[in-house]
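Please model the complete structure; the sequences and the hints are all you need to start from.
Take a look at the letters that make up each chain.
Protein chains: 2
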Amino acid sequence: MRWWKSSIMKEKGEKNLSTEPYKGVRDFYPESQSIQNYITDVWKATVESFGYQEYNASILEPSDLYRAKTGEEIVNEQTYTFTDRGDREVTLRPEMTPTVARMIAKKRKELSFPLRWYSTPNLFRYERPQRGRLREHTQLNVDFFGIDTIDAEIELISIASTLLTNFGMSPEQFEIRINDRAGMSKAFSEMGLSDDQTYKMYKLLDRKKKIDNFDEEAEKIIGAPLDLSKVKSIAVTKLIRQLNEIGITNVKYDPSIIRGFDYYTGIIFEVFDTSSENNRSLFGGGRYDNLLDIFGVDPVPTVGFGMGDVTIRDVLDTYGLLPEVISTTDLSICVTKPEYRDFATLLAKDVRAQGVNVSVNYSNKKVGDQIRYADNKKIPYITCIGDDEVKGETFKIKELATGKETEVTRNTVTEAFVE
Amino acid sequence: MRWWKSSIMKEKGEKNLSTEPYKGVRDFYPESQSIQNYITDVWKATVESFGYQEYNASILEPSDLYRAKTGEEIVNEQTYTFTDRGDREVTLRPEMTPTVARMIAKKRKELSFPLRWYSTPNLFRYERPQRGRLREHTQLNVDFFGIDTIDAEIELISIASTLLTNFGMSPEQFEIRINDRAGMSKAFSEMGLSDDQTYKMYKLLDRKKKIDNFDEEAEKIIGAPLDLSKVKSIAVTKLIRQLNEIGITNVKYDPSIIRGFDYYTGIIFEVFDTSSENNRSLFGGGRYDNLLDIFGVDPVPTVGFGMGDVTIRDVLDTYGLLPEVISTTDLSICVTKPEYRDFATLLAKDVRAQGVNVSVNYSNKKVGDQIRYADNKKIPYITCIGDDEVKGETFKIKELATGKETEVTRNTVTEAFVE
Chain X
2 MRWWKSSIMK EKGEKNLSTE PYKGVRDFYP ESQSIQNYIT DVWKATVESF
52 GYQEYNASIL EPSDLYRAKT GEEIVNEQTY TFTDRGDREV TLRPEMTPTV
102 ARMIAKKRKE LSFPLRWYST PNLFRYERPQ RGRLREHTQL NVDFFGIDTI
152 DAEIELISIA STLLTNFGMS PEQFEIRIND RAGMSKAFSE MGLSDDQTYK
202 MYKLLDRKKK IDNFDEEAEK IIGAPLDLSK VKSIAVTKLI RQLNEIGITN
252 VKYDPSIIRG FDYYTGIIFE VFDTSSENNR SLFGGGRYDN LLDIFGVDPV
302 PTVGFGMGDV TIRDVLDTYG LLPEVISTTD LSICVTKPEY RDFATLLAKD
352 VRAQGVNVSV NYSNKKVGDQ IRYADNKKIP YITCIGDDEV KGETFKIKEL
402 ATGKETEVTR NTVTEAFVE
Chain Z
2 MRWWKSSIMK EKGEKNLSTE PYKGVRDFYP ESQSIQNYIT DVWKATVESF
52 GYQEYNASIL EPSDLYRAKT GEEIVNEQTY TFTDRGDREV TLRPEMTPTV
102 ARMIAKKRKE LSFPLRWYST PNLFRYERPQ RGRLREHTQL NVDFFGIDTI
152 DAEIELISIA STLLTNFGMS PEQFEIRIND RAGMSKAFSE MGLSDDQTYK
202 MYKLLDRKKK IDNFDEEAEK IIGAPLDLSK VKSIAVTKLI RQLNEIGITN
252 VKYDPSIIRG FDYYTGIIFE VFDTSSENNR SLFGGGRYDN LLDIFGVDPV
302 PTVGFGMGDV TIRDVLDTYG LLPEVISTTD LSICVTKPEY RDFATLLAKD
352 VRAQGVNVSV NYSNKKVGDQ IRYADNKKIP YITCIGDDEV KGETFKIKEL
402 ATGKETEVTR NTVTEAFVE
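So the sequence lines, in the order shown, correspond to chains X and Z. When the letters of the first sequence are read in order and numbered with this note's numbering, they come out as residues 2 to 420. When the letters of the second sequence are read in order and numbered with this note's numbering, they come out as residues 2 to 420.
Among the hints, erroneous ones may be present.
Copies of the same chain look alike in the list, so a pair counts if it fits in one copy or across any two.
[Unchecked claim] Straight-line C-alpha distance at most 27 angstroms; calculated DSS-like pairs for lysine-lysine: (1) Lys239 / Lys405; (2) Lys45 / Lys379; (3) Lys110 / Lys367; (4) Lys239 / Lys107; (5) Lys379 / Lys107; (6) Lys211 / Lys367; (7) Lys253 / Lys204; (8) Lys231 / Lys350; (9) Lys24 / Lys338; (10) Lys350 / Lys107; (11) Lys187 / Lys253; (12) Lys108 / Lys379; (13) Lys378 / Lys367; (14) Lys221 / Lys110; (15) Lys24 / Lys110; (16) Lys201 / Lys187; (17) Lys221 / Lys210; (18) Lys397 / Lys253; (19) Lys110 / Lys379; (20) Lys405 / Lys392; (21) Lys350 / Lys209; (22) Lys210 / Lys233; (23) Lys107 / Lys233; (24) Lys24 / Lys108; (25) Lys45 / Lys405; (26) Lys45 / Lys204.
Hints are computed from structural coordinates only; laboratory data are not their basis.
Following this line, the structure appears as structure tokens:
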């Protein structure tokens, strides 16, 4: 704890401190936070409806969790990594999957599988701030551990679809594109491609939507045009048929879906906005069965996906699907005379005990100002405490939007809020 | 995004990666997370019942926010501070007050005061991990901005008290001790103490409970015994009377309450556990009217406090007040034959549409194992899908705790959950 002579109080003549947040991160004032809460609430309610349990961890992780021979530069250049005074290298988690893999590995023998787990971590990337790519964002992570059959893929894709429909999107507004990394590797092998050619082809496919000369580049790699129609996946065909059976029809096979993360081992999927103006990728995931390898414990077959808050907030905004901001406060008590403030405080206490969220206006401003204040804060109901209320037994509760007044007693306040 | 050849997959012969979290932070497995969620839920419901609105910000803040001539060593030694590649000094926030002051200062002219704001940030301190002092913890922060009368203190102390009673504590289990920094400074000045003596006396008072030789040390500073009974505060007397009037009677004046934070300017309070075995400080707060100074904007009178998750979790555990962990999942569907999995998936979809949180057991294990699994996961209800259920129209939903069975149809599943 700091002491007495303030470290953050200004001496005369000193330069004012900046009020800007750190570069690439967001401040959430209450209106903006209420939208964040709405997104988190839909995330949680949806995945819990499928039986998922929440877990969490610290944003601080040992850097080793993200480091390996081939990925050294990742730890250093794309993450926030620093050395603490105990000479430990620490990284602010850039994604949640390594953390959850670590947690599962730690209790591999105690945990009763399968596990349905979710989290809504904040994640950090050191990169140039740009639209949808902030340095800190929040992501819903959903994972189903311990099922090696296609039931897990069906469930995760159902959850992905239900999330978007629960946010108010229609199935026409998005499309789920599915590929099969295992099937693809098999097809490339059957075409006679070397490991090196396969690797280069994956890299090229991942860039397919961003480049014009895909065919030309593919031919450079394999010496002949690539015929993606020859790449079939029985697993995907079966998955799509079963998804159709449970009413999810906006799915299609797309052999150009690759997804950058290197740990996927089977089915992968990516959800796209179908808007002709902005046919962007919204989120995705897939099967990763080998992630516990690095911890030296037995493997657990897993399917998972992540959905970022920035992208979903943006797409909901684009489609006009963000909810109107309303206050979590139900009632504002206006106080007409300073000496009635204690009366108002006691009344608020009684009203609160009935489950009503209530604030008291102690500003001593004119009643008109107090009403405008409630309106500005989007508090839907007000009541004014004047001579009559203090002497009598009843109060008038007014709905600001309609002007409708309901007379109640101290113990029947909730009657005013009945629809 | 990383690519293809895994950066986190192990090569043969390589050493296993540790599954331990970073030193001094916690992993929250679902059972532990459900307790965290309970604490957060009580925090939010309580402060929202008083009309408070949630805000938030990034954990990354410019280090300047915590730095000043007198406090330089704080930024370097007690916080996580590092330099990013843009040569910016960044600190993981050690407390929320400077952040909220920055946010208020930034929109000083747009915001409509008074403001009732709260947040539940995670905070970071670089220190030796010890009981109740982890490197990362979560804290409820509550602030009332813009009221310079004692109404603000009454409200904040009411919230502090209501939080503990909402957690199930009785008023006998805690005590609210109040002091007045302004009154104290005035009293010391009247006693003829110099600024230096006053400063030293504050430091000594803050250590009063931890040392045996307070009187001796006090005499060393002021040259005579300190008579705390001479230190009176009219403001505190009035505050205590008004708190008594609204039913908060476990409050007392304690001139040895100082609180370390240097920005307090008036009334300060601290809540203590009254247990004779562990008469510890639980949390506290006070009035700070000058915190916007450093940003060069007009002052806003403010009263606020913070309550940490580690301390409250510990005290609730001590008093046996932590809730029993229950699953957020209501119903587990057991599947007796592999070919009934699709039927179960569709049934789950229908049940979910009725607002029931439901998981399907795709494990293909024996029914007994599936029931034990549901029990282990603390899922309260199960239903088994066998030949009769697939052919017929009804299902039996069994409450595991009582063995009670209810027969329902696909569309009347919720009848089984009526108390």
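Hint check, failures only
1, 4, 6, 8, 9, 10, 14, 18, 21, 23, 25, 26
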